[in-house]
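**Student:** This is what each chain is made of:
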Amino acid sequence: MSFVSPLWWWAMAGLALPLAIHLLSRGRRQRVAIGSVRHLQGKETRALRRLRLTGFLQLLLRALLLAAVAGALAGPRWEKTESRSGSGSWVLIDPEVLPMADDSSAADDDFWRHLEAARVEADSVRLLAPGLPDLKNGQVWEGHADAWSLLREADERAPSSSSLKVFTLDRTGWLRGRRPSLAREVDWWVLRESKPNRWIQRAVSTGDGFHVVAVGESDGSATRFRTYSWPEDGSPPDGSGLRRDTDENIVGLRLPDSHPEDDWVEIPDKSAALKLAMSVGPDRELDAWYLRRGLETVGGYLGRELEWSDPDGASLDLEIRLGTNPSAGSGASVVLVDGDSVYENCERRAYAASIPSHSWVRLERCSTDWGTDEEVGLWSDYWGRPFLSRRTGESSATHGLHGRFDLRWSGLVTSPALPRLLLDLLVPDDATQGGADSAFSDRRFTTGMERLPAKATTSAVPLSRQSETPESIAWILVALLVVLERWLSGKSP
Amino acid sequence: MAVPSSRFLDPAALAALDDLELLARTVVQGYLSGQHLLPQAGFGTEFSQYRSYNPGDDLRRIDWKAFARSDRFYIREAEVERDVTVRFILDASGSMSHQDANLSKIDYGRMLVAGLAYLAHRQGDRLRLHIVSNGECEDLRPGMKRPLARVLHRLESVEASGEWPSFDRLQGHLITSRARELVVVVSDLYDRQGAIEATIKNLRALGHEVLVLQVMSRAELHFDWQGDVEFEDLETGQRVSGNADALRQTYLESLQAEIEAWRHRLLELRVPYALVSTETPFEVSLREFLFHRSDLPP
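Line by line, the protein sequences give chains A and B. My numbering puts the first residue of the first sequence at 8, with every later residue one more than the last. My numbering puts the first residue of the second sequence at 9, with every later residue one more than the last.
Hints are not guaranteed to be accurate.
Claimed, not checked - Sample of chain B residues with no beta-carbon within 10 Å of chain A, all distances over it, derived: (1) 68; (2) 81; (3) 166; (4) 217; (5) 227; (6) 230; (7) 292.
Claimed, not checked - Here are the simulated distance ranges between beta carbons: (8) A:40 - B:84: 38 to 44 Å; (9) A:39 - B:158: 32 to 38 Å; (10) A:39 - B:276: 32 to 38 Å; (11) B:57 - A:40: 50 to 56 Å; (12) A:479 - B:235: 34 to 40 Å; (13) A:482 - B:235: 29 to 35 Å; (14) A:40 - B:165: 55 to 61 Å; (15) A:23 - B:167: 44 to 50 Å.
Because the hints were derived from the structure by calculation, they are not lab data. Beta carbons: idealized from backbone N, C-alpha and C, even for Gly.
Go ahead and model the full structure; you've got the sequences and the hints to work with.
**Tutor:** Written out as structure tokens, the structure is:
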């Protein structure tokens, strides 16, 4: 038997309540002064014994009643037979799990045994990636997305009788966005990597004779980054643990305890400058200023300079058009659009007079489809409205920015989410196809409580979807106990 | 002070009256209403009235000074001095302090004594009051000067405590005269050592007429407590705990047996007995008691 909302079992702590009432009521004995107790002598013992027995029965009954209420609220459900046998389930596999199947360092036999058993018996085996591609059909998607939005999508698409089994790496980093309310139970299986959570986050050549390397390190509670810098013709600092290898004139780095193939990081030569152009519509000068400053900051992080040129010039890496309803450019360009902004309406009402209190825009990354094959939502605000979307064409990609950078509009300019938002613009492939994790890795382990919301929120299960449930039986038991308790209370003194 | 005008006055309301004499008069007038009793006129020292001479009257009763003044014969009448002493023995032991519905048994007994004393005084009887408490007996002899006022004044300050003493300690107070007396005992009859029964027996042995009023509260008579109760004896301090609902049946049976035992014993002693509840109006209690008193076989 499983429970839809096992948290309700915490209500059992309420058992202290009837116990307290019982003990207090026993202690609260009425005292009466009468002329003589001669007519009562000899009856005391028998009366008290009855009192104790009755009180104990009442206490037991009330405790049972409370436990039954807690159990009923917890939503008991019989585990479906087909779920136990593996049939009637959707198996969702994190794309990053598959490459580790042959990795001897990831020797979590229990994990792989369950994965294999589930994969064989499942109705459907899919990658936990946008579109939930079917693994049985041989499709492979190498991107990466956040788990919550994908689970939400799987919950909507899977048949109501199917359960969800998720096999993922044990990383906090991909539990992004809002925790979903699912219509079914989710079985989680996590693969804990045996190798140390230390990796080379990014290595760049600054162009003025230096290498800059950021090394990330995660433990169970936090992820930290440390940056090392040294001359190109020198060796990495001793304390960094970095090792320099040269393979076919390509200079790379590796950590001494890393996997020989996976963690070899090439240090690229100084990249060419990114060529950008920006056309600014009316009343967008301040937005343009903020956007320019932000892009230059992120470009510095990438180790690439930004070269601003004429919008009509050729071979632009990024074309930015700020305006109410700008038209998309042609070719391989990116167009920022704020014309159909969800903030359009509130602009004139809230900020017409003065500026003062700008509110923070809380952005959440959600890499999932938004209805069409082309448009992918990259970022949404707290209410799930699109903030940055990406429409992919045959030879170009168009980003729609449904917001503004002006401080009078929001706190986006000072938001910690802004660098990643701009990174998605400058290096779209890096940011949207697995680059999100490589750019800002967070390899903390997940905890049971962090994964719990997916199960806990299954309390939103519509009852109509459940064919058989003992929940109604539990409530009938509660009603019977109430009647019995009332009857005993009325009978007992 | 205005007196409530209802036919049967609530004992608790009456107990709130500070003036015990007013209370006694109110109670007795309620009892006497419709009976048209008049004080007996006859021989005595206290002048009552003149009346015209009728043939057959004793010539010695003619007031000759009045004849000299008015040239008519008048008979001088005086209130009869009956030379009967009415003793009131009020049980003021601790058990009488039991209170129910804002009225204690000692308050009720105090008012009963006050009403009867008023009635006796109205008939010209001598009054005597004994308050029994703390193993002692306080003897109040009001004398001839305003006896009723003195009795009522003492009753106002009565407080219940202690136990009823043995008869040895009482007899010095009670056996003072060989004259036949009327003794009214007001008590709850919680007799521990048989002292109350011994007192009544000895008083009867001396030839006194004894009346017994047993005062009980409604709660004691019906045992209408509920739930878990710890009962404390007002005289001994002994405690008995239990569930009132479970104890009720046996308590009532035991109490009823004791009441019946008292009724039989007092009947054998030819002592009029009445059980009064503190919730019963005083005038009703008085009427029933005096009515049953006359029922007693000679």
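**Student:** If a hint holds in the structure, say so; if it does not, say that too.
**Tutor:** We went through each hint and held it up to the structure:
1. 68: The claim stands: residue 68 of chain B keeps its Cβ more than 10 Å from every Cβ of chain A (closest is about 57 Å).
2. 81: holds (62 Å)
3. 166: Residue 166 of chain B clear of chain A: closest Cβ-Cβ about 16 Å, beyond 10 Å.
4. 217: holds (27 Å)
5. 227: Given a closest Cβ separation of 8 Å, the condition is violated.
6. 230: holds (13 Å)
7. 292: holds (22 Å)
8. A:40 - B:84: 38 to 44 Å: violated (58 Å)
9. A:39 - B:158: 32 to 38 Å: Holds - the Cβ-Cβ distance for residue 39 of chain A and residue 158 of chain B, about 36 Å, lies within 32 to 38 Å.
10. A:39 - B:276: 32 to 38 Å: Roughly 34 Å apart at Cβ, these two residues keep to the hinted range, so it holds.
11. B:57 - A:40: 50 to 56 Å: For residue 57 of chain B and residue 40 of chain A the Cβ distance comes to about 53 Å; the hint holds.
12. A:479 - B:235: 34 to 40 Å: Since residue 479 of chain A and residue 235 of chain B have Cβ atoms about 38 Å apart, the given range 34 to 40 Å holds.
13. A:482 - B:235: 29 to 35 Å: This hint holds: roughly 32 Å between Cβ atoms.
14. A:40 - B:165: 55 to 61 Å: Since residue 40 of chain A and residue 165 of chain B have Cβ atoms about 22 Å apart, the given range 55 to 61 Å is violated.
15. A:23 - B:167: 44 to 50 Å: holds (48 Å)
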